[in-house]
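K.L.:
Given these sequences and hints, build the entire structure.
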Amino acid sequence: MGQLTQVTIDFETSHLLFPTIIACVLGLLGLAIVIRDRAKIATAGTYWSGIWQNMDKPRFLGTIVLTLLYFSLMVPVGDIWPNTGRGFLFCSIPFVFLTGLLFMHERTIKSILPLAVVSVVGPVFVWWLFTYPLFLTLP
Amino acid sequence: MFEILTPMFLSLIVGGTLIGIIFGAIPGMTATMAVAVCLPLTYSLGLENGLALLLGLYVGGISGGLVPAILLGIPGTPSSITTTFDGYPMAKRGEGEKALRIGIVSSFVGGIISLAILWLFAPTLADFAIKFSYVEKFLIIFFALTVMAALSSDMLLGIFSGVLGIFVALIGTYDITKGGNGNMRLVPPGTEYWLDSGFSLLPVLIGLFGLAAILEQAEIGVPKGHSLEDIDVGKKSGFSFSIFKGQSVNLTRSSLIGTFVGILPGVGGSAASIISYTNAKTFSKTPENFGKGEPAGIMASESGNNGLTGGALVPLLSLGIPGDSTTALLIGAFTLQGIQVGPLFIGNNPGTWDAMIIAMLIANIAMLVMMYVAIRYFALVVTIPKHILFPVILMMCVIGAYTINYGIMFDVWTLLIFGLFGWLVVKLKLEVAPFIIGFILGPSAEVYFVKSLESFGDVTIFFTKSWIAVVLWLLIIGSVAGSIMLSRRAKQGAGVV
Chain A
1 MGQLTQVTID FETSHLLFPT IIACVLGLLG LAIVIRDRAK IATAGTYWSG IWQNMDKPRF
61 LGTIVLTLLY FSLMVPVGDI WPNTGRGFLF CSIPFVFLTG LLFMHERTIK SILPLAVVSV
121 VGPVFVWWLF TYPLFLTLP
Chain B
1 MFEILTPMFL SLIVGGTLIG IIFGAIPGMT ATMAVAVCLP LTYSLGLENG LALLLGLYVG
61 GISGGLVPAI LLGIPGTPSS ITTTFDGYPM AKRGEGEKAL RIGIVSSFVG GIISLAILWL
121 FAPTLADFAI KFSYVEKFLI IFFALTVMAA LSSDMLLGIF SGVLGIFVAL IGTYDITKGG
181 NGNMRLVPPG TEYWLDSGFS LLPVLIGLFG LAAILEQAEI GVPKGHSLED IDVGKKSGFS
241 FSIFKGQSVN LTRSSLIGTF VGILPGVGGS AASIISYTNA KTFSKTPENF GKGEPAGIMA
301 SESGNNGLTG GALVPLLSLG IPGDSTTALL IGAFTLQGIQ VGPLFIGNNP GTWDAMIIAM
361 LIANIAMLVM MYVAIRYFAL VVTIPKHILF PVILMMCVIG AYTINYGIMF DVWTLLIFGL
421 FGWLVVKLKL EVAPFIIGFI LGPSAEVYFV KSLESFGDVT IFFTKSWIAV VLWLLIIGSV
481 AGSIMLSRRA KQGAGVV
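Respectively, the protein sequence lines represent chains A and B. Residue numbers for the first sequence follow our numbering, beginning at 1 and rising by one. Residue numbers for the second sequence follow our numbering, beginning at 1 and rising by one.
Quick caveat, the hints were computed from the structure, so don't treat them as lab data. As the structure is a prediction and not an experimental result, all values here were calculated from the model. No false leads were mixed into what you were given.
Have a look at the derived ranges for each label pair, beta carbon to beta carbon:
1) Leu120/B - Pro82/A: 45 to 55 Å
2) Asp10/A - Met8/B: 48 to 58 Å
3) Leu475/B - Thr46/A: 38 to 48 Å
4) Ile484/B - Gly27/A: 14 to 24 Å
5) Tyr377/B - Leu129/A: 24 to 34 Å
6) Gly27/A - Ser227/B: 46 to 56 Å
7) Leu68/A - Glu216/B: 15 to 25 Å
8) Arg36/A - Pro78/B: 18 to 28 Å
9) Ile41/A - Met184/B: 26 to 36 Å
10) Val249/B - Val124/A: 50 to 60 Å
11) Ser111/A - Ile484/B: 50 to 60 Å
30 Å max Cα-Cα, derived DSBU-like pairs, lysine-lysine:
12) Lys427/B - Lys40/A
13) Lys451/B - Lys465/B
14) Lys178/B - Lys131/B
15) Lys224/B - Lys57/A
16) Lys292/B - Lys281/B
17) Lys465/B - Lys131/B
18) Lys110/A - Lys224/B
19) Lys245/B - Lys285/B
20) Lys224/B - Lys427/B
21) Lys427/B - Lys57/A
22) Lys281/B - Lys245/B
23) Lys292/B - Lys92/B
24) Lys131/B - Lys451/B
25) Lys92/B - Lys245/B
26) Lys40/A - Lys429/B
27) Lys57/A - Lys40/A
28) Lys429/B - Lys57/A
29) Lys224/B - Lys292/B
Below, a sample of chain A positions facing chain B; criterion: calculated Cβ distance under 7 Å:
30) Ser14
31) His15
32) Leu16
33) Val25
34) Leu29
35) Ile33
36) Thr99
37) His105
38) Leu115
39) Leu134
40) Leu136
Beta carbons: idealized from backbone N, C-alpha and C, even for Gly.
P.N.:
What follows is the structure, encoded as structure tokens:
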């Protein structure tokens, strides 16, 4: 019994010990969940189609697309003026404006105007704050 | 001790509390989100000033949730859910301002009682924890994860979420500075450059609590903001402190429940307020009035959820284990300043410890004064349009993620990955809090586990090392058994109904 519980750890492979144990535990827990919830999993298609049907697709997918574009363009735009943070500034202004427009319910001049002001003032203020007083480089 | 009270320190607490109240008062935004968004601002503030801002946000964020809970019947934060039960009926009968003031004073009482417990118990617990070896430290983490999973709405999914968090945290190099061998693991081919140190904590947290929350709102169409007509604070206050007569037991009990719930890792403010409310109703002489506008219900709910604030800091500052999601973010603030929280923190950083206690005290006083005096104006916060707020918050999330490691774009992509993951987690009925705690504690758990085995060469050491290890195992078994019993009882109850 004493020998059964004894363990020798090879330092060279010690980085794999804990991840292997955790992966095994995760696998066992996953299996237990699959067995317990097999009925629910069998009808998962209905659950996901319900989520898809009830989702506000333009706003949800639009947020993801705008965010992807925002992140993708920030560095290439920033590379035009290196180490100035202008990539962040010039991408944030349209991002804030377009996302705000996407989230807006009644798009009237009266509601678009404050958004336009915030989408310029907000990024400019944040860019100034991080670039000058805080000395943090933005893309 | 009082040299910390500079105008900067004070204004950061007051400013943080104010912003926190605003975040808490807007449904869909939380104290956690407030801390996540403002975290990058703490870079150049220094540790004490940075913590002053974040603790103000924390106290304000938890307290602000009562505004929409009472005026609109919508909890501003999950922890205000039971405030709606009696606050909203009071507002509907024209006693909105009275209900708000009851909530504000109760929040203050809860915050102060929990702060006193933090001040008294955290150093004692830390002194005790200093004696722990790797074995006890591993068991403490194991116990924390078990308690958290046991208190999840579904224990199996809760444990799975916690273990998944540990697994994700192990991605990258086995850190040499912590005694590892410097080799990489769990890194997909081609991603070694970005995942050398794994996923950074703060982009993960900002993604899970910032972007994911906005995606959830986008999914439901970003509900329209409320108009001025929706808010009825009432024509006159009608509030008097005499309403608290005979309620000292309720307030103290609820504050202590909130503090205790806060000490349990990963259990949120909603549990604190629900348990406090249920107890207040059980022990009340007029339980039939609860849910119809009973002031004692608001007192229990608000003192309970603010009791969480000090409680959640006890395990963080004494053991290095965050008590809830927001205190998990505070670990980020310490990391930014190169300080590790754990049993040695209070002893090695007495100045920071004092600053935190003072900041929490001032934040609670600032919350009381600002909300009590200007509650009619804070009520207007719920009318701020989300189509303006959310894009600005998204932009702040990007800054937070990008600046965390001084300008790494992969951290921004991490934010997106974990934002989408956070949205998916909710759909899969997994639990975010156990995932986060697992993610934070995973690397330490690995070091303690492997080093224990390297040192002793026998797995029985986890059971035989000391009496503390035995007590911890008993607590682990007790928490799992208790959870199974409660779950069976709930099922039987449902069957009877």
